[in-house]
Structures are given as structure tokens and as C-alpha cells.
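First to last, the protein sequences are chains A and B.
Sequential numbering of the first sequence, starting at 2, is according to my numbering.
Sequential numbering of the second sequence, starting at 179, is according to my numbering.
I should point out that these hints are in silico values taken from the structure, not numbers from a laboratory.
Any given hint might turn out to be false.
[To be verified] The calculated label-pair distances, taken between Cβ atoms and stated as ranges, are:
1) B:K298 with A:F178: 53 to 63 Å
2) B:K405 with A:V237: 47 to 57 Å
3) B:K238 with A:K244: 40 to 50 Å
4) B:K298 with A:F230: 47 to 57 Å
5) A:V161 with B:E290: 35 to 45 Å
6) B:D189 with A:V237: 29 to 39 Å
Where a beta carbon is used, it is the ideal one built from N, C-alpha and C, also for glycine.
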Amino acid sequence: MRSKGIRQYLRKIWVLCLKDMKLYYFKGPTVVMGILMPLFIWFAFVVGKGFSFTESLPMLIALASFFTSSSITPIVMPWEARQKTLEMLLSRPVTINIILFGTALASSLFGIFISSILVIIGLILNVISHNLISLALGIMISSSCYSFMGLLFSAVPSDVPADAVMLSSVVKLPLIFISGIFIPISELPDYIRPLAFISPLTYFSDLVNYSYGCNPLLNPLTDIVILFFLTIIFMVLALVINKRTLMRRL
Amino acid sequence: MPLENVVEAYDLTKTFGNIKAVDGVSFRVRRGEIYGLLGPNGAGKTTTIRMIIGIITPDKGEAYIMGYNVHKEPVKARSFIGVVPEISNPYVDLTVWENLMLIGGIYCVPKEVRVRRAEKLLKMLGMYEDRNRKVKALSKGMRRRLLLAMALISDPDILFLDEPTSGLDVISARIIRSLLLKLKKRGKTIILTTHNIDEAGMLCDRVAVMNRGRIIAMGTPEELKIKFGKYTRILLCFNKEVDVELVKKHFDSYETIIQGRRLIIICKLRDIEEVLDQILRIVRTCNLNIEELQASGLNFEDVFIRLIRGDRDEI
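All chains, full assembly: derive it from the sequences and hints.
So this is what it looks like as C-alpha cells:
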């Protein structure tokens, strides 16, 4: 009986995830914030510093995972509230948690898909990770972590997706400069360095660096464990806060 | 033994800011009946339905669906119901078919059953040919029919419809009404809100009339008509248009409706002689001819209006 309940719970999450994939992968904010933004940032940096693709692939993977995984989650709730589909969903046998898990899953899979394409392009161009397992694990955990982080921004009780996108940009853009992607953490000013360690991007960036043989700051296992705990923290916060603000949306 | 009351609401109360939207609403809906929640705009019908299906939490009171407390076991309770909310849309970027499959999936209806039901429902609602069209290309009436199909894809025991035919063309409204009557014949319980009194009189077994967040009357449409049996409705049709000022002057203590050459007067039975006297006076003074005269009990619309007014003016 209990296992049937769990199976139905997971099935509903998957159904809602498929719906989000169909609806949101090609929405403007997703394409701009999830694909074009990391690509342009990476391109500007590579051109400016004269790096090769080989040297800059880890950076691109970290940026892609961060931006793609957190691009869908902020917009789904405001969008659904605006389109008046949220109430339609909530009047079915689902809870807000099921809806949020479905969205987070769709977002994570989007991040994993885009990051994996980059890893495959690297393989084709002979830029090969020396530890594909830790890279794969890192991509999966970080994508979940960033998608739940994005879900936190969707808790703003607004039905204007741009509000959530703006808030997420205000937080996400500064993070890429303090997470050891463009500037190694050891070279950051002393007063900024502690901030690097509260950024979820730091640990994935470090893990990608390790996977491609660059100098990591931390042990890869430490990166994975911290990313895992950050995922749990973001998940709990996202579920609790979205639940609290739900009534103001309907 | 199956439950007799499939939906129960006890003392539901909800306040938004300083406004008490719903104030101590209680009622029970029996298995297999069509129950109507009637009232003017802002009466609290939609808020009541939203509390019963668990969309919003009441400040006070409880609601049960098939014996399950909606706020303690929302998923279980909602698995028995299909809902057509007033404030909602299907996914406009998905096709008609994809919307149906999505909702069927949420109810965990097996795929082959979902497909079979979707085909049947779309044919019944005259939308089968449009199944591959995106919802954004559909008219309002078709979207409403699709919402009804989405509510029925799980073959629910209970159907909640919030203003099901509001703003629809005659054809769409008729299709929906006829489907509701078919569903009732199949033993489904239907709870609908409406401000269309004719519709309620036509469809509902029992109604609850709401005003300002409270239920002010409850019963079958016939019972409510009997309750107002002391009133008479006099309909007159003259040979020319009626002078509004003249009518106001002669019938200022009665409820009157003027529609061109037609005059409707609602009065108590004991006042009928005086009213007829006044009518004859007008006829003589203005040189009018009476082409038609009917006297009858109140229709359901008249009853409804009196109920709402009575509540307001405490007549």
C-alpha cells in the first residue's frame, strides 16, 4: 500500500516534469538565461584572456550547469500563476511539493543535458576528463542544487516571471565572479574570499577543475558532500518558502 | 455501505483583509444529486468551492470529500473529484490531447484507459477533430469544454463546476448542460456554482442561495418557490409602451419591471385587489388596451431576487 503511494507520488512528479520540459525548455527566459548567457560570458572571457577551448572547457561546463539548471525553476511558478494554470493543477490530486519537485527535476535534467553535451564535445575534441565518475556525479548533484536554488527565487509571490528572473540574476551574476571560475579563489581579495565558500558554484567549479586535471582547492569528496548538503538546504528552503507564499499567488 | 453525504462543509469561514468572504457556511451534498450554489457576484460561492477542494485554507471550519478531510488528506480527497475552476486555464501551449493526457497522468490513470476516455470525451464534447490543435487557437467555449473533459478524464465520483457556462455561447452552454444531465443519470454527484438562475432551476436537485458570504436559503427550487407562495406575479402586455413615471407613481410600493409594452408587478396575494384597481386606473387614464394578462406564482428568478433583497433589506 505504502509502496503504491510512493510509486504514484514519483509518477506524478515525472508527469509534471515532462510537462515542464515541453513547456519551458524553449521559453525566452530559459533560452536567454540558460544557454545564451553562460555562452556569452564564457566567450567574452575566453576572447579577452586569449584562452583556448581546451583550457576553458571546465569553466564553460561549470557556467552551463549553473545557468541552465537555475534558468527554468524561477519562472515556472510565476508563469503558471499568470497563465492561471496553477490553480487548475492544485485542484487535482497533487500537492505544491509534487509540483515543485517536478519543476526541479525538469530543470536538473536540462542542466545535466546541456553540461553533458559540453563533456561530449570535449571528448570529440580530445579534451578528456581523467575522472568521468566524479564529473558525472558532480554534474548531477550540482544541477539539482542549482535548480532548487532557482526554485527559491520563484517563491517571490508575483505572477510576473521577469520579477523572479531579475532577482535570480542579481544573485547569480555576482556569484560567478567569486566562485573561482574566472579568478582563482586564492587570488581573491581577503575580504571576498570567505564569500566564495558560501557560493554553491565554488564547489562544482572546483570539482570540474579536478576532473580535468586542473589544480583543485578542495578534496573532490569534500566538494561532493558540500554540494549534497547545499542541495538539501536549498530544497527544504524552496519547498517551505514556496508553500508559504502560495496563497498570495492564487 | 456507501456514504450518503459525499461532500460535507461545516462552518466554513474565510476573511480576506477586513472582508468576510465566507461566513459560517455549512451544507451536505448527497450522492448522485446536482447541488447548486447560487448567488450574485461576490456572494462567496467561489471561495466556498475553493475551500472545499482545498485550494485555500479556511480560517475556521472543515470540509470533507468522501469522508476525507480535505485539508488533512488533500491528495486522497481530491482523487475522487474532477474540477472545473472558474479562475483557471488549460495549458495554452499544449494541444487539446496533451492537456488531457497530462491530467490523466496526474490522476495515475493507465495510458490505454486515458486514451480511450479522452477519445470518448472529445467526441461527446464535439472536439475530437480539434484534438491536435494548441489550446491557444481555441475559442473560450472550446477551452471551457476542454476543462470539462480534463475534469472527467479520471472518471471522478464528484464533479465541481465553478460557473460552468459563464460567458459561453448558446451551443457550448447547451452541450455542457446536456453532459451534466447525462452524468447525473450515471450516478455522478455534481456541485456547481452559478448566477444563472434558469440554469440552476433546470439542472439542480437542491440549491443553496448565498449572499454576502452566508447561506440565506436552502432547498429544492420548488421548495423555495413554495416558500414565496404568498407572492403573485402579474404580467400585463399593453398596446403601447408604458409610461415609466406613471407606473412608479401608481405602484411605488410594489416591485415592478417594465419591458417596453410589458409590465410585470410582483405583489402579495392580499394586495392583488388594490393592484388590479390601479391597473384599471392607468388603463383608463392613459387610454391603454390590455392585450395580455397573466397572474402566476413567482418563478425561480423572482424567488432568487427576493431572497437576495430580503437578506439585504431584512424585509
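Each hint, compared with the structure:
1. Take K298 (chain B) and F178 (chain A): their Cβ atoms lie about 58 Å apart, and the range 53 to 63 Å holds.
2. Checking the proposed 47 to 57 Å range against K405 (chain B) and V237 (chain A) shows it holds: the Cβ atoms sit about 55 Å from each other.
3. Under the hint 40 to 50 Å, the C-beta atoms of K238 (chain B) and K244 (chain A), about 21 Å apart, miss the expected range.
4. As the Cβ distance of K298 (chain B) to F230 (chain A) is approximately 50 Å, the hint placing it in 47 to 57 Å holds.
5. Evaluation of the 35 to 45 Å hint for V161 (chain A) and E290 (chain B) yields a pass: the beta carbon distance comes to about 41 Å.
6. Judged by the Cβ atoms, the range 29 to 39 Å given for D189 (chain B) and V237 (chain A) holds: they are separated by roughly 34 Å.
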